[in-house]
Structures are given as C-alpha cells and as structure tokens.
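Model the full structure from these sequences, guided by the hints.
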Amino acid sequence: GYQCGGWTITWQGLSGNSTKGTTILEAIKSTVSPSTEVVYQENPDAKYVEGQGFSYAIVLVGEAPYAETFGDNLNLTIPLGGADTIKNVCGSVKCLVILISGRPLVIEPYLPLIDAFVAAWLPGTEGQGVTDVIFGDQGFRGK
1 GYQCGGWTIT WQGLSGNSTK GTTILEAIKS TVSPSTEVVY QENPDAKYVE GQGFSYAIVL
61 VGEAPYAETF GDNLNLTIPL GGADTIKNVC GSVKCLVILI SGRPLVIEPY LPLIDAFVAA
121 WLPGTEGQGV TDVIFGDQGF RGK
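Mapping of the sequence shown onto full-length UniProt numbering: position 28 corresponds to residue 28, and the numbering continues sequentially without gaps.
Derived from the structure by calculation, the hints contain no laboratory data.
We put the beta carbon where it would ideally sit given N, CA and C, even for glycine.
Watch out, some of these pointers could steer you wrong.
Claimed, not checked - For lysine-lysine, the following DSS-like pairs were computed, each having C-alpha atoms within a straight-line distance of at most 25 angstroms: (1) 87 / 29; (2) 29 / 94; (3) 94 / 47; (4) 87 / 47.
Said to hold, decoys possible - Pair by pair, the computed Cβ-Cβ distance ranges are: (5) 25 / 73: 23 to 29 angstroms; (6) 64 / 139: 26 to 32 angstroms; (7) 36 / 112: 24 to 30 angstroms; (8) 94 / 45: 14 to 20 angstroms; (9) 20 / 47: 20 to 26 angstroms; (10) 52 / 124: 19 to 25 angstroms; (11) 37 / 116: 17 to 23 angstroms; (12) 91 / 140: 22 to 28 angstroms.
Structure follows, in structure tokens:
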C-alpha cells in the first residue's frame, strides 16, 4: 500500500495491506525485545500521548499513493493528519519521525519538535529495511 507508492499493482497505487510483504509496524514489532510494548495509535491527540507515559515514539507520516498529476501539490506539505500527529506526539515525548513519500516534503516547521528524522522515501514491501537502519542492524548508506 502506502509504502510502495503510486506505481504498484494498479495505477495510483493502493492503500491498506494490498501487497505481500512486511509493514514498518510489523517490522518494528519483530525487531524490538519481547519485553518492549509497541502501541499503535492512529492520529493520537496530545492528551492521549501525555497520559501514556511513553519513553519514546516512532511516528510514521507521509502521503497517500499517487502518480502523475493526481499527486500535484503546490505546497509540498505533509498532509494535515501527519502534521498534527508530529505536533501531538513529538511535543509530548522524544520521537523519531519517519517520512514516507515519493518526493521531498516541507518538514522545517516541525524540526524543533523532532529528535530524529528519516526520509524513507518509498521503501516498498519490506518494512524490515527501515527497521534495519533505525535500530542499528545496518548503517545508513547512499549517494
């Protein structure tokens, strides 16, 4: 779905679990120690986050799959739900933000709230590749 972008299986892509593979959430759950509780909450408000007593958070934000003109965005901003999630979570607890997108998006307004940031682009069907680098099993490389 979202990890793959707009040129997968169908033109404009698909959302949800429409491809075989590992989501980033599944990969996180399989990577952390069994004693680590992984909590998934879509678009949590700040009060929820503050009330949970989390040690840290991993926040995934990004764009819905798109291709060609259907993805045109004159502002290149993170969609509203993602922006609100960054503010609500990263304003309350130490956080890593992972951005899933097929192009650069504006993140500067949120940088003061973010402790670590990864532009994962469109990682495809294997979310384990993302967790390999965020948990240190592999180093970041690229040109």
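How the hints compare with the structure:
Using a Cα cut-off of 25 angstroms, the hinted pair residue 87 and residue 29 holds, with the two alpha carbons roughly 24 angstroms apart. Restraint check for residue 29 and residue 94: the C-alpha separation of about 19 angstroms stays at or below 25 angstroms, so the hint holds. As the CA atoms of residue 94 and residue 47 are separated by approximately 15 angstroms, the hinted pair is consistent with the 25 angstroms bound. Simply put, residue 87 and residue 47 have alpha-carbon atoms about 12 angstroms apart, close enough for the 25 angstroms limit, and the pair holds.
Range check, residue 25 to residue 73: about 25 angstroms between beta-carbon atoms, so the 23 to 29 angstroms window is met. Between residue 64 and residue 139 the Cβ separation comes to about 31 angstroms, which falls inside the hinted range of 26 to 32 angstroms. A C-beta distance of roughly 27 angstroms is found between residue 36 and residue 112, which places it inside the suggested range of 24 to 30 angstroms. Evaluation of the 14 to 20 angstroms hint for residue 94 and residue 45 yields a pass: the beta carbon distance comes to about 18 angstroms.
For the pair residue 20 and residue 47, the beta carbons lie near 37 angstroms from each other, so the given range of 20 to 26 angstroms is not met. Here the CB-CB span from residue 52 to residue 124 is close to 31 angstroms, at odds with the stated 19 to 25 angstroms. Judged by the Cβ atoms, the range 17 to 23 angstroms given for residue 37 and residue 116 holds: they are separated by roughly 20 angstroms. Taken as a hint, the range 22 to 28 angstroms holds for the pair residue 91 and residue 140, whose Cβ atoms sit roughly 26 angstroms apart.
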